[in-house]
Amino acid sequence: MRKKILALLAGSALLASSACGLGSSGAGGGDDTITIGTLFSVSGAGAKLGDKMRKGAELAVEKVNSQGGIDGKKIKWVFYDPAGDTSTAVQQTNRMLDSDGVELVVGGGGSSGIALAMDPITSGKGITFIATEGARQIVEPAAEHRLTFKTTFNDTVMIEKLIEYWKAKDVTRVAFMPDTSSFGQSAQEELERLAPEAGIKVFTAAFDPAANDLTPQVKRLAGNDPQAYLAWTIQPSGVTFLKNVRSVLADRDVMVMHGFGFVDDRYMQQAGAAAEGTILVSPKLPIWDKTEDSDQQKAAMEDFATSYAEKYAGEQPNVYAGQAYDAMMVAVEALRATGGDPDGEKVAKAIEGLGSHVGVTGVFKFTPDDHSGLTADDVAVVQWDGSRFVPAE
Amino acid sequence: MDLFIQVLLSGLSVGAIYAIVALGFGVIFNATGAINFVQGEYVMVGGLSAAMLYEAWDVPIFVAILVAIAVTTVLGLLTEMGLLGFGRLRTPAAITIATIAIAVIVKGAAMLISVRDTYALPSVLGSESLQILGASTSRQTILNLVLAVLVVIALTLFFRRTKLGTTLRAAAGDSETLQTFGVSYRTTARWAFVIAAALGAVAGAGLAPLTVMSFDSGTLLGLKGFAAAMLGGLGNPQGALAGGLLLGVAEAVVAGYGTSAYADVVAFVVLLAILTFKPTGMFGTARAVRT
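Protein sequence lines correspond, in order, to chains C and R.
If you read the first sequence in UniProt numbering, its first letter stands for residue 1, the second for the next number, and so on.
If you read the second sequence in UniProt numbering, its first letter stands for residue 1, the second for the next number, and so on.
Here chain R stands alone, though its shape is the one from the complex (with noise of 0.2 Å):
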């Protein structure tokens, strides 16, 4: 009993994660048909920065995150400045390739930016870890978990009481009648990267606390957070926390009881699987894009 709430509090804490990186993928996705794989690195970028600023220039934690949340949103605009403006690049699979291009070198700068060198963050709730029915967490999972559920609430807001949230669920279903109506396709898109990258830098200074950060830090977490958002359906706010929570839980299991060595495998056969069975995902439409 005790290892089963000990793998259920494992697969939150990290599913915490996944889900609002899940998240990033689904406003993208959304606004812009296209699947962004520099979320991970937005990821990496927050939680690194993050803890740069904090370990190495003493800056104190709550202003390094919010550093580091700023930074990680102008890189979200130079990214959209790179694949729409400079790049021109219109189609979804067009962007989603460029993508891929953009992550390597993110990567790449973080990694002469930082040296190579590793980077910790404590958690803004100490490090004394809660005993909760036999089992022990850090506290950090709770504020995780929280801060998953913030976001997913205020993006369900965001998307169907706010004029910007609607517009930009119209461009995602018909971006040239939206373009008609005057709303420049440019102008959805920035804000869809800006939240995305906002997102990413979230999860990344919840993720710091739990590990060490590194410029390798973001890339796996990207492909998992995208099989979250797969899981749940791309697009959907509610299936990114489930499919994020679940793949988590999934993982911790299979570490917990079976062989740890394929924990790792699990993100990836869940995302086999959803895309054979069910590639609209547990939450997902015929139109992934409605929310």
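Same shape as in the complex, but just chain C (with noise of 0.2 Å):
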């Protein structure tokens, strides 16, 4: 009880502080700070994941801070909440230019659609971007987009590691369910792009995200005897796709999956039953316990799973904090690199010389042509066992 008054507090003072900007307005920077801007939606109907990505991104903040800084400069941060309202977005991102002297913004209001508003704008500045936002439009192509960047997986990458996985399991009939966002569109593109090559069947029957019943869909799916049924969403609606799956197919050995928006502890369980053996694509971060020890990844993700859980009173982070917590480190890495000069120019070059930078998320190796940095290799395919992620058989 006591926590949920606390988160309530928390909440409320949260959304008081995002109607004034966190920071004073004024040049900002100075000699010992470095102005990070930050836009994520928690409040809106993208909250629920817009709040664990400001939870993400100020562990990083905090934890940067306390251990000196950047070169001694510590980071200023200013945080907007755009509510998932596009052209809120694009006043609080000049607001967080002109006024609050913001030099290097991290975190595209949680919505690709805000992400590819704001790209144009902190371009047009000569600011570097770092988005967490998932359309590969946000970054390509990266000629267009020389100061932006994000630490998101665009779906090609999932897309091919599934694909991997399918062969591996002789899957050649697959059905698809992507919901009507762009999140599952693009999805539906490059996956119907990229099966037939690889001789594998595609069945598509798109939902809309706020559908409280896919059992039509499914079962007209089911019309084709696919071997797997995917999903492709953020949304709660995936919940009952899997209830719907297993109900509709009760008496079939078939293989249920969700795409990498979908990998939540929450969701499963609130699947119940229904999400017993969910296959799913995602980063390792979820399985980072059952990783071997020569993962290079490992140290980074203990490290940030036990400290978020530790701030957060005992909450899991997902990979949405772990996509804003790497966005901001990859920031800091890069000022380090340029001996904190936020020159647009300079930051851009950074990213794209940092070499191989270990995430939380997955390894990032940014260059000139590829502003996103992960491949199929950082993409891990797990299971829900009924109660927690693990690697898949």
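Worth flagging that the hints you see were computed from the coordinates, not collected in a lab.
The structure displayed is predicted, hence computed values, not measured ones.
All C-beta atoms in this analysis are idealised placements derived from N, C-alpha and C, irrespective of residue type, glycine included.
Keep in mind that the hints are not guaranteed to be accurate.
[Said to hold, decoys possible] From chain R, some residues computed to sit far from chain C (all C-beta separations above 10 Å):
no., residue
1, Leu66
2, Thr96
3, Leu125
4, Ile142
5, Ala154
6, Thr276
[Said to hold, decoys possible] Cβ-to-Cβ under 8 Å is the rule here; a few derived chain C residues that face chain R:
no., residue
7, Ala47
8, Lys48
9, Asp51
10, Ala210
11, Asp213
12, Lys219
13, Pro236
14, Val239
15, Ser247
16, Val248
17, Ala250
18, Arg266
19, Gln270
20, Gly272
With the hints as a guide, dock the two chains, each given alone in a separate frame, to form the complex.
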């Protein structure tokens, strides 16, 4: 109960602060601070994910500042909540750059649409922008987005991993259910492009992310006798997908799968028995304690998972928190390389020159041509065993 | 054939919920002439608080649902106090617009209290699915349908056979004349909001086992319930039931046979068509308030 009240208080404080901006306005920067601006939607439809992202970024800022900052300069963090609204986000981005003295932007509002709208503003002002949103178009083609990066997986990478997995399991017929958001539609484009080359037949039925029943789509797809059913969404209707598939196909032995947007303990628990055995593509973070000791990410993931749980009252970090943490850390590493100079061109060069940055959601290798930095090697296939994620067989 | 049965079951399952939401719109319209856009949020508050009580505080499921209905009913009472007491609003247009503000406040408060998390509520009938003629559905579907029908019967009897119900209907007909008989406008409005909120909570508790609830679950549902109410004739209980089920089945048909991407648009196309061609709804008469 006490936890709830605390969370409530924190929530209201956050709302108040997002309304007026955390940092005091003014020139910012100065000699002893570097001002980093962040937009995450901690209210509105995507609030659940935005909250995780904010916590991940906050953890990174506190960690860096408590360890002496960047070459002696502390990070001054300016945070705004666009509540999922693109036009609000555009205003806030302008305000951050014009009056809050923000020198580097990390986090694109928690939605690809917002990040896409922020990119021309930051680029136009010569500011480096590290997004935490999914759409490829945020950073592609890299030649036109020289100052913009992202620390999320391209869905192309995830789908390559899926196809690899299906081939290993002799799966040739797949039922695909993306939601109608840009997240789902982009994955549909990629899967329908890549699967035929691999000899895999895909049957698609999209669904509305606000739907409360998906049995008609599942039943229709079942007519094609697929071996695997894959959903692609970040919305709670993914829980309905799991319940409906298990109910309609109660007498069939099929592989039930979700994309990387649904790697979330809460969702799995809420689907109950219907979630058991669900296979997902995911960064390694949810199974960090099951990875080999030789895994170069293990130490980073362990440190992140334990310090996150410590700071947020036992709450487990998810992939979204990890992406935001990684984005902030990439910014910090690049700033260390420039000697604390936030000049957009210099920071972008520094990010491309980081080599391998070991993050908690993958090992980032940014290059002038690749501003996403992650490959299929960073993806794990995981399975929900009824109580937690484990590596899939 | 299997697919057709599946589509029908899916439509009835969701349609039953739409119907109960539509009934809530009707009750308040009958008493005040206003459209209550908090109706969808009552569904959210009912479903979310039942699920939160069950999941976060380990309250037994029946108790959780009863407490959720009570909480939502209090919210209905508060809505009335805010609009007609504190706000002193009397005209349907002013009340309608103010309900939008209240809906936003309720949603924001729910976001903070639920810490933006989603919550699940299992079905009181268990999680096993039912197989009917080659199609499958959850037991909750049957329960929701039975609930919707029972609620319609109860409301019809209430409005026709009880003194309070008759008073509420009279208020809808001519509230000024009624006031000269010594019946306060606020008394009738208060009862309407209490009944509508309780209906919303029932819809929420029926919906939660089909999906998961979050602070965001109510708004779209409210709009669809409104479309269902308009389809059946605003204020007519049997019309609300027919409108809800029809809308649910229409959506399921589009999802099952057409491009599922457009299923969500169905409600709004229906709403537009009804407003254009028959604003009183399928079962509405010239004054849709008569039941």
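Which numbered hints fail: none
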